[in-house]
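Same order as they appear, the protein sequences are chains A and B.
All residue numbers for the first sequence refer to this note's numbering, where the first residue is 103 and numbers rise by one.
All residue numbers for the second sequence refer to this note's numbering, where the first residue is 103 and numbers rise by one.
The reader is advised that the hints may include incorrect statements.
When chains are identical, the list treats them as one kind, so a pair holds in a single copy or across two.
[To be verified] Under the rule of at most 16 Å between Cα atoms (straight-line distance), these lysine to aspartate or glutamate pairs were calculated in the EDC-like manner: (1) Lys449 / Asp173; (2) Lys333 / Glu381; (3) Lys246 / Asp148; (4) Lys327 / Asp275; (5) Lys263 / Glu193; (6) Lys105 / Glu365; (7) Lys219 / Glu343.
If you're looking for bench data, these hints aren't it; they were derived computationally from the structure.
There are 2 protein chains.
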Amino acid sequence: MLKKNVLVIGGGPAGLEAARGVADLGYPVKIIEKADRLGGMPILADYAALTPNMVNAEEAMGEMIQRIENDELIDICTSTEVIGVSGSSPEINVNLKGPEGEEHIQPGSVIVATGFKHFDPGKETQMYGYYEFDDVITLVDTEKMLKAGKFVRPSTGEPPKQVCFIQCVGSRDRQIGNAWCSKVCCGIASKEAIEIRHLLPDCKVFVFYIDMRMYGFWEDEIYWKAQEKYKVNFIRGIVTEVTKRGDQVVVKGEDTTMGRPMEVPMDVVILSVGMEPSEGTSRMAELFQLPLESHGYIESIGGALNTVVTSVPGIFVAGAAGGPADLEDSVSMGGAAALKAASYLRKTGLLAA
Amino acid sequence: MLKKNVLVIGGGPAGLEAARGVADLGYPVKIIEKADRLGGMPILADYAALTPNMVNAEEAMGEMIQRIENDELIDICTSTEVIGVSGSSPEINVNLKGPEGEEHIQPGSVIVATGFKHFDPGKETQMYGYYEFDDVITLVDTEKMLKAGKFVRPSTGEPPKQVCFIQCVGSRDRQIGNAWCSKVCCGIASKEAIEIRHLLPDCKVFVFYIDMRMYGFWEDEIYWKAQEKYKVNFIRGIVTEVTKRGDQVVVKGEDTTMGRPMEVPMDVVILSVGMEPSEGTSRMAELFQLPLESHGYIESIGGALNTVVTSVPGIFVAGAAGGPADLEDSVSMGGAAALKAASYLRKTGLLAA
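Based on the provided sequences and hints, a complete structural model is requested.
What follows is the structure, encoded as structure tokens:
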């Protein structure tokens with residue numbers, strides 16, 4: 103028998119679950135991560151609490167990481183990237199570059215779990231003034247502050263009195279080329295709104311939205327909770343401009359429920375930036391010759407009934423590399439991809455000796 | 103070694119994927135289904151096309167079924183139910199009742215994939231007149247007609263000229279006790295709206311909604327398509343009553359975008375009924391002593407980072423038995439549960455000889 107393992111690319115929730123899953127079946131796995139530590143976006147972008155259960159991101163991801171450490175079946179390589187791919191399964195050659203130089207491997211199967219990147223709201227959406235005004239920040243900037251146990255106006259360092267979230271920044275927007283809904287931003291904004299109200303009971307918090315996409319249990323576990331227990335104000339509206347007046351930022355637009363224009367001064371404006379395919383995801387698609395679906399994510403074949411199988415034999419996709427995904431999606435896909443990759447080794451006789 | 107297999111309960115998308123997954127790893131599996139055929143809700147409730155890819159439900163589910171047939175590792179038992187459970191893993195006793203009488207088995211692991219039931223809109227929500235007016239039907243009734251290639255007014259058998267969907271029937275409703283969002287109804291209603299417009303180009307179609315929860319790629323693949331290509335009218339509104347006038351049904355409520363009361367005559371009103379835990383799900387929770395989460399679905403432990411593991415060793419949950427789930431969720435969870443169940447057999451030394 104050939105001695106082959108599964109290569110998992112990406113150390114976020116999907117990749118960690120996939121690596122654990124492959125090893126749980128008794129198969130060897132190598133997990134590589136471009137960054138210098140595992141954990142993916144929740145760790146690298148300093149998330150405070152995870153949505154929807156509001157558990158501490160560092161602790162929860164720490165547990166996932168711990169579950170793959172010190173396992174002789176799992177080879178963990180951080181600061182490691184795929185730099186070249188040739189051949190095809192079962193003779194697929196992958197060149198890696200890590201801290202100790204280059205390495206050539208021949209994995210039996212590959213799981214691409216390279217995730218997403220946050221939309222950059224300065225790049226294409228100028229109207230929100232992200233790079234102009236200090237007090238216009240993103241969901242991600244907010245996570246960093248919340249993780250540090252505080253929430254302040256960046257321009258003054260003082261606690262704000264009035265804060266708003268603007269939803270769908272970089273999502274549902276044909277003009278910037280991102281037609282998709284990023285799925286998680288409504289939940290994350292509501293979660294952060296709760297955290298801000300918890301930290302600053304005197305601060306008013308508004309969420310300007312088109313549709314609140316609080317599916318499943320998020321409806322009452324986050325959305326109702328935010329409204330009823332934390333008195334967060336959800337306003338259906340369209341924001342057309344963010345400008346500055348005195349030392350405040352002013353949000354202009356239309357309250358579409360009341361049918362009237364609105365112009366509200368805010369101390370901090372938080373842009374609910376969506377997901378885009380990460381550079382790693384685009385790069386892996388290119389290297390492994392994985393077709394992209396119409397939005398630029400890695401395509402799985404078979405539609406809704408086949409979530410992790412790509413059109414390239416032996417190569418699977420998990421998590422937000424395949425499209426906007428919440429943590430549940432990423433973890434379920436990680437498990438499903440582990441199953442498919444291990445089964446692929448078994449069927450093709452590529453099991454480790 | 104003890105000879106143990108995995109028992110999969112439920113022959114819908116999650117169960118079928120789980121059974122295939124376990125067998126793909128080389129482990130034996132028995133899949134049981136209460137109904138006389140496999141396929142779950144898409145088959146038993148006569149779905150026309152699946153959301154979001156609009157593939158023929160019978161063909162797509164037929165392919166899933168075909169993939170588990172004629173496999174010596176997979177024992178398929180239809181018309182079979184669990185009638186008793188005792189002991190706990192690894193000595194769990196399950197009594198089944200099938201066409202040939204009762205059977206006692208000792209599975210090494212169990213995957214509960216018993217799904218959901220559609221909310222009954224007559225039972226608790228009287229205001230929509232489901233049992234009073236022939237022309238008030240549900241998403242499910244509509245699927246049946248669409249599957250038969252037609253869409254008519256039930257009262258006359260003629261094609262309707264004006265049709266509407268009312269969203270969130272049995273969901274997001276504290277009064278009836280269903281706080282959750284059922285996740286898929288916005289997508290399914292939009293899909294059916296497209297199908298009706300395709301069949302009857304002269305029929306006007308309206309969707310009355312609170313929030314259109316068209317997450318991920320559903321946004322442009324169904325929602326924009328429905329509006330732009332099929333001219334479906336989406337109206338943000340609250341429907342308070344459905345009454346009868348002459349031979350039409352009249353929808354009364356408020357258009358919350360325009361801020362005005364509405365009263366619109368319709369030939370057919372379609373209630374977008376949500377999901378509830380199925381009787382099988384409640385019954386399995388009871389028999390296997392699986393804790394329920396606060397909404398009455400089977401609880402997975404570990405929040406978002408652990409989607410299929412229950413608090414009972416060796417028992418896993420997949421699909422809508424664990425909460426509102428779309429097809430992607432069900433299939434990913436089916437794969438993830440197969441992985442966990444197979445790993446459980448391996449770790450506990452319960453592998454088949």
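Any of the earlier hints contradicted here, and which numbers?
2, 5, 6 and 7
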